[in-house]
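Peer 1: Sequence:
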Amino acid sequence: MFKKKNVIGIDIGSDAIKIVELKSKKNGFELTNAIVEDLPEDVISEGSIVDYNEVITAIINAFKKGKFSHKNVGAALKGNDVIVKRVQANVPDRKTFDETFRWDAEQYIQMNIEDVNIDYEIIDFDETINQADVILAVARKDLIADAISVLESAKLKPTIIDLEVFTLMNCFEANYGREDEVSLIINIGHTSTLMVYIKNGLYEFSRTVDLGGKNCIEEIQKRMNYVYEDARLKLFDKESLEFDDELKSAVESFNERLATEIKNSINYFYTSTQLVVDKIYVCGGGANIYGLKEYIEKFCEIESVFFNPFANFEVSKNIDQGMLNSNLYRFNVACGLSLRRVDEK
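The numbering used here numbers the first residue of the sequence shown as 4 and each following residue consecutively.
The hints are simulated quantities; they were obtained by calculation from the structure and are not laboratory data. Check each hint, because a few of them may be wrong.
Unchecked claim - Pairwise CB distance ranges, derived in the manner of DEER restraints: (1) T99 x E44: 44 to 52 Å; (2) N203 x N267: 19 to 27 Å; (3) S48 x E184: 33 to 41 Å.
Claimed, not checked - Below, computed lysine-lysine pairings styled on DSSO-like, alpha-carbon distance capped at 27 Å: (4) K202 x K225; (5) K160 x K26; (6) K251 x K301; (7) K28 x K67; (8) K144 x K70; (9) K296 x K225; (10) K251 x K8; (11) K241 x K251; (12) K74 x K26; (13) K88 x K282; (14) K88 x K29; (15) K241 x K301; (16) K241 x K296.
Beta carbons are placed, not taken as given, at the ideal position from N, Cα and C, and that holds for glycine.
Construct the entire structure; sequences and hints are all you get.
Peer 2: Encoded structure:
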């Protein structure tokens, strides 16, 4: 019975803790629990925990509210000190690839090999030229240690520490399958936006830009003289935005900035790979910012839809549907984590 349990996914974001519990069923998954617990401003910075006590307290409070069935949890690492790359590596001797590649990887990451944990997956191997197509994943050891420490301090059992990129890919495949077309997942967070390009269920490329919902809030504050919380609430207030030209202009200014960054990333991706993005999937806490999805579609000239993390799942009657609807696109990372099994390595 223990081996059939799914990990409880905990997404420690820069503005909130999001937790998801799934139950494996014969024909898929059921969402049995979902909780959002807001964090005070600036307790997380660039993916690193600044105020441990605040984060631990938020996780404890969320678990009390959620009444989760067990304490085996997983978390995702994010930020500029987490690297995922698809590289072509020379393989003089495949038998010793594991040993040699870990040291060769230093040339791809520009970080001290002693300070990071490295993992990789060989996607393809061409024996005629002794070259491997490899997905390389790197995370600083101290980030991993911090995540484990916070979860253990909250009296939980961390069993999986994953990367945000892969949790989004897991969630996408569970809902939309392995599509032959090129899909771009855009996860709009509080302080940054992550773009993940995938094809046939495989990682192609990713990029993070330092623009998120917080930048839009600050734009509103600057123009309207609002306090932070009032400005934050205006992000999603369709009625206020439609009848206040100055407020609408502030939000649209941010939308244009982010949409331009996304378009530039798509152009770079095409130049590097000659692959054309067929569809964009938008998620994250900033997904519902007024008019943002439409701006992305207009600037990039690519069909853009919301990425529903539970589109292919049953939803328990015990779930607060109002809470779920208003926070739906914030759960993608936590959902991707909760698809993993407790006994997975």
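Peer 1: State for each hint whether it applies.
Peer 2: Going through the hints against the structure:
no. : hint                    : result
1   : T99 x E44: 44 to 52 Å   : holds (49 Å)
2   : N203 x N267: 19 to 27 Å : holds (25 Å)
3   : S48 x E184: 33 to 41 Å  : holds (36 Å)
4   : K202 x K225             : violated (41 Å)
5   : K160 x K26              : holds (18 Å)
6   : K251 x K301             : holds (17 Å)
7   : K28 x K67               : holds (25 Å)
8   : K144 x K70              : violated (31 Å)
9   : K296 x K225             : holds (23 Å)
10  : K251 x K8               : violated (46 Å)
11  : K241 x K251             : holds (9 Å)
12  : K74 x K26               : holds (14 Å)
13  : K88 x K282              : holds (22 Å)
14  : K88 x K29               : violated (35 Å)
15  : K241 x K301             : holds (19 Å)
16  : K241 x K296             : holds (14 Å)
When held up to the earlier numbered hints, the structure conflicts with 4, 8, 10 and 14 and fits the remainder.
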